[in-house]
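Undergrad: Take a look at the letters that make up each chain.
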Amino acid sequence: MTAAQRELVRRMQGRALVRAWEYRQRDHAKGAWFRLRRVLVDAARAFAISEVDADRLEAQGLRPVSIGRELSPEKRIYFGTWAQIEQLEASELEVRLSAELLQSTAIVLLAHEIAPAVAGQPEPRRVDGG
Amino acid sequence: MSFRERLLATLRGVRAVLDEPGVMVGGSQVPNLLQPGAGSTLVVSQDVDIVVPVEKHEAVRQRLSRVVGLKPSREEPSVWLPERPELIEVNFIGMDAGARAGETYVFEHDELPLLVFGNLSVLRLGAPVEVDGQLVPVPRPAGLLIEKLSTDRSGEKGDRDLLVVMGLLLVSAPFDIDELEALYRTLPPEQRYAIRSNLSILSLLGPRSEMPDPVPHRAQLARLMARLERAEPA
Chain H
1 MTAAQRELVR RMQGRALVRA WEYRQRDHAK GAWFRLRRVL VDAARAFAIS EVDADRLEAQ
61 GLRPVSIGRE LSPEKRIYFG TWAQIEQLEA SELEVRLSAE LLQSTAIVLL AHEIAPAVAG
121 QPEPRRVDGG
Chain W
1 MSFRERLLAT LRGVRAVLDE PGVMVGGSQV PNLLQPGAGS TLVVSQDVDI VVPVEKHEAV
61 RQRLSRVVGL KPSREEPSVW LPERPELIEV NFIGMDAGAR AGETYVFEHD ELPLLVFGNL
121 SVLRLGAPVE VDGQLVPVPR PAGLLIEKLS TDRSGEKGDR DLLVVMGLLL VSAPFDIDEL
181 EALYRTLPPE QRYAIRSNLS ILSLLGPRSE MPDPVPHRAQ LARLMARLER AEPA
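Chains as they are written, first to last, in the numbering used here: chain H, 1 to 130; chain W, 1 to 234.
Where hints are given, some of them may not hold.
With a cut-off of at most 25 Å between alpha-carbon atoms, the simulated SDA-like pairs for lysine to any residue come out as follows [claimed, not checked]: (1) W:K157 to W:K56; (2) W:K56 to W:P113; (3) W:K157 to W:M211; (4) W:K157 to W:Y193; (5) H:K30 to W:L187; (6) W:K157 to W:R230; (7) W:K157 to H:R10; (8) W:K157 to H:L17; (9) W:K56 to H:K30; (10) W:K56 to W:S121; (11) W:K56 to W:V129; (12) W:K157 to H:L8; (13) H:K30 to H:L17; (14) W:K56 to H:G31; (15) W:K71 to W:P21; (16) W:K56 to W:T41; (17) H:K30 to W:G158; (18) W:K157 to H:L62; (19) H:K30 to W:E179; (20) W:K157 to H:G61; (21) W:K157 to W:V44; (22) W:K157 to H:E86; (23) W:K71 to W:G37; (24) H:K30 to W:G155; (25) W:K157 to W:L8; (26) H:K30 to W:E89; (27) W:K157 to H:G31; (28) W:K157 to H:H112; (29) W:K157 to H:A3; (30) W:K157 to H:R56; (31) W:K71 to W:A59; (32) W:K56 to W:V43; (33) W:K56 to W:G158; (34) W:K71 to W:E89; (35) H:K30 to W:P21; (36) H:K30 to W:R230; (37) W:K56 to W:G98; (38) W:K56 to H:V9.
Please keep in mind that the hints were generated in silico from the structure rather than gathered at the bench.
Note that the structure is a prediction, hence the values are computed from the model and not measured.
Sequences are here, hints too, so could you generate the full structure?
TA: Structure (structure tokens):
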């Protein structure tokens, strides 16, 4: 075995141990990033909203997804309908773990199932040129 | 000279090895070969993996003298370096059907040692691709999707590797996805978790030059994720 092969095998075996550890930790803090990504997988579009608008969504019966409470600071993340979103002052975000998304404390998501039906409809009101 | 021409010239150079039954091209070049006319528009790496079942090692070794235009690296004899700029590097890697996912070991041999990757054990030989008159053996997409989604990766190279999965999904038929799900059900839980984790990363990637853009296909990725979750044991 060459030194390069030995080193590669050592690294691969290390990764296997890390993977096993990550799997064991999946329901704890270590798995939070996956759970956040998993929520975003289902979202066609994402919008940052104000805390006031988040309160308004909750008054309409929406409940935040649980992963938001695991983050610090907490985020209030909802799946909403287009009718709900277009009533808000919303700033559209890219659906990815961007700085903008991570800095937003209240986010409403539009699921893939809903997004095609609203294509071409008027956009939500924008805030700060977002 | 285009990358496609270099890739195909390299595969002609190792044709004697590829003619050994069971040997196949693996890794990131497979979606390039599965494109119409082996378009090879994806640029991930400047090398090509040749998957050698460990039980075929001796047969492959006997064919090495017929490889044209490449020679083994002195430091890493499983890597064959091009002798001409119109070829690309070739990596011979080992597949052991009995290896566990995540297991890695060296198949020791003076002339052709092989790094054997357990994740490759899900590969099954598919229909060969005919390119410019040459039949190129490639794996079935389902196994390659499982293998690519199971591999730990990070950084720009890792992102581009995951975009290879997107490229593979775009050329996969519904029965390939059925096979993917069937294979997924056979995997250990930590590997299934890694696959779903990597799929979530892929879903959130932005476009990269010369790679498939996952953004227009995010709904398809979400459906695949949901399907894999439904395949999880209760």
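Undergrad: A separate judgement is required for each hint: does it hold in the structure or not?
TA: Hint check results:
1. Between the alpha carbons of K157 (chain W) and K56 (chain W) the distance comes to roughly 30 Å, so the proposed pair goes past 25 Å and is violated.
2. Only pairs whose Cα atoms come within 25 Å are accepted, and K56 (chain W) paired with P113 (chain W) is accepted, the gap being roughly 13 Å.
3. Proposed proximity of K157 (chain W) and M211 (chain W) is supported: the alpha carbons are some 12 Å apart, at most 25 Å.
4. Proposed proximity of K157 (chain W) and Y193 (chain W) is supported: the alpha carbons are some 21 Å apart, at most 25 Å.
5. Restraint check for K30 (chain H) and L187 (chain W): the C-alpha separation of about 22 Å stays at or below 25 Å, so the hint holds.
6. Of the supplied pair hints, the one linking K157 (chain W) and R230 (chain W) is violated, its CA atoms being roughly 30 Å apart against a limit of 25 Å.
7. Proximity of K157 (chain W) to R10 (chain H) is assessed by CA-CA distance (about 20 Å); at most 25 Å being required, the pair is judged to hold.
8. For the hint pairing K157 (chain W) with L17 (chain H), the CA-to-CA distance comes to about 22 Å; that is within 25 Å, so the pair holds.
9. For the given pair, K56 (chain W) sits about 41 Å from K30 (chain H) by alpha-carbon distance, which is inconsistent with the 25 Å threshold.
10. Between K56 (chain W) and S121 (chain W) the alpha-carbon distance is near 14 Å, which keeps this suggested pair within the 25 Å criterion.
11. Between K56 (chain W) and V129 (chain W) the CA atoms are separated by roughly 21 Å; this keeps the pair inside 25 Å, and the hint holds.
12. Under the criterion of a C-alpha separation no larger than 25 Å, the hint pairing K157 (chain W) with L8 (chain H) is consistent with the structure, at around 17 Å.
13. A threshold of 25 Å between alpha carbons decides the hint, and for K30 (chain H) with L17 (chain H) the separation of about 15 Å falls inside it, so the pair holds.
14. A C-alpha spacing of about 41 Å is found between K56 (chain W) and G31 (chain H), which places the hinted pair above 25 Å, so the restraint is violated.
15. Distance restraint check for K71 (chain W) and P21 (chain W): the Cα-Cα separation of roughly 22 Å lies within the 25 Å cut-off, and the hinted pair is therefore satisfied.
16. Simply put, K56 (chain W) and T41 (chain W) have alpha-carbon atoms about 31 Å apart, too far for the 25 Å limit, and the pair is violated.
17. With a C-alpha separation of about 20 Å, the suggested pair K30 (chain H) and G158 (chain W) falls inside the 25 Å cut-off, and the hint holds.
18. With a C-alpha separation of about 40 Å, the suggested pair K157 (chain W) and L62 (chain H) falls outside the 25 Å cut-off, and the hint is violated.
19. For the proposed pair K30 (chain H) and E179 (chain W), the alpha carbon gap of about 31 Å is over 25 Å, so the pair is violated.
20. About 43 Å separates the Cα atoms of K157 (chain W) and G61 (chain H), which puts this hinted pair outside 25 Å; it is violated.
21. Taking the CA atoms of K157 (chain W) and V44 (chain W), the gap is near 7 Å; set against the 25 Å cutoff, the hint holds.
22. For the given pair, K157 (chain W) sits about 39 Å from E86 (chain H) by alpha-carbon distance, which is inconsistent with the 25 Å threshold.
23. Taken as a hint, the K71 (chain W) and G37 (chain W) pair is broken in the structure, with Cα atoms around 28 Å apart against an allowance of 25 Å.
24. About 19 Å separates the Cα atoms of K30 (chain H) and G155 (chain W), which keeps this hinted pair within 25 Å; it holds.
25. Simply put, K157 (chain W) and L8 (chain W) have alpha-carbon atoms about 23 Å apart, close enough for the 25 Å limit, and the pair holds.
26. Taking the CA atoms of K30 (chain H) and E89 (chain W), the gap is about 38 Å. The hint is violated against a cut of 25 Å.
27. Our distance criterion of 25 Å between C-alpha atoms is met by K157 (chain W) and G31 (chain H), whose separation comes to about 23 Å.
28. Annotation: proposed proximity of K157 (chain W) to H112 (chain H) is violated, straight-line Cα distance about 28 Å (limit 25 Å).
29. Restraint check for K157 (chain W) and A3 (chain H): the C-alpha separation of about 23 Å stays at or below 25 Å, so the hint holds.
30. Taken as a hint, the K157 (chain W) and R56 (chain H) pair is broken in the structure, with Cα atoms around 43 Å apart against an allowance of 25 Å.
31. For the suggested pair K71 (chain W) and A59 (chain W), the alpha carbons sit about 18 Å apart, so the restraint of at most 25 Å is met.
32. Between K56 (chain W) and V43 (chain W), the direct Cα distance comes to roughly 30 Å. Violation of the 25 Å bound is thereby established for this hinted pair.
33. Of the pairs offered as hints, the one joining K56 (chain W) and G158 (chain W) is violated, with about 30 Å between alpha carbons and a cut-off of 25 Å exceeded.
34. The suggested pairing of K71 (chain W) with E89 (chain W) holds, with an alpha-carbon distance near 9 Å, which does not exceed 25 Å.
35. Between K30 (chain H) and P21 (chain W) the alpha-carbon distance is near 44 Å, which puts this suggested pair outside the 25 Å criterion.
36. A hinted pair counts as satisfied when its Cα atoms are at most 25 Å apart, and K30 (chain H) with R230 (chain W) qualifies at roughly 23 Å.
37. Of the supplied pair hints, the one linking K56 (chain W) and G98 (chain W) holds, its CA atoms being roughly 14 Å apart against a limit of 25 Å.
38. Taking the CA atoms of K56 (chain W) and V9 (chain H), the gap is near 22 Å; set against the 25 Å cutoff, the hint holds.
Consistency note: the structure conflicts with the earlier hints numbered 1, 6, 9, 14, 16, 18, 19, 20, 22, 23, 26, 28, 30, 32, 33, 35.
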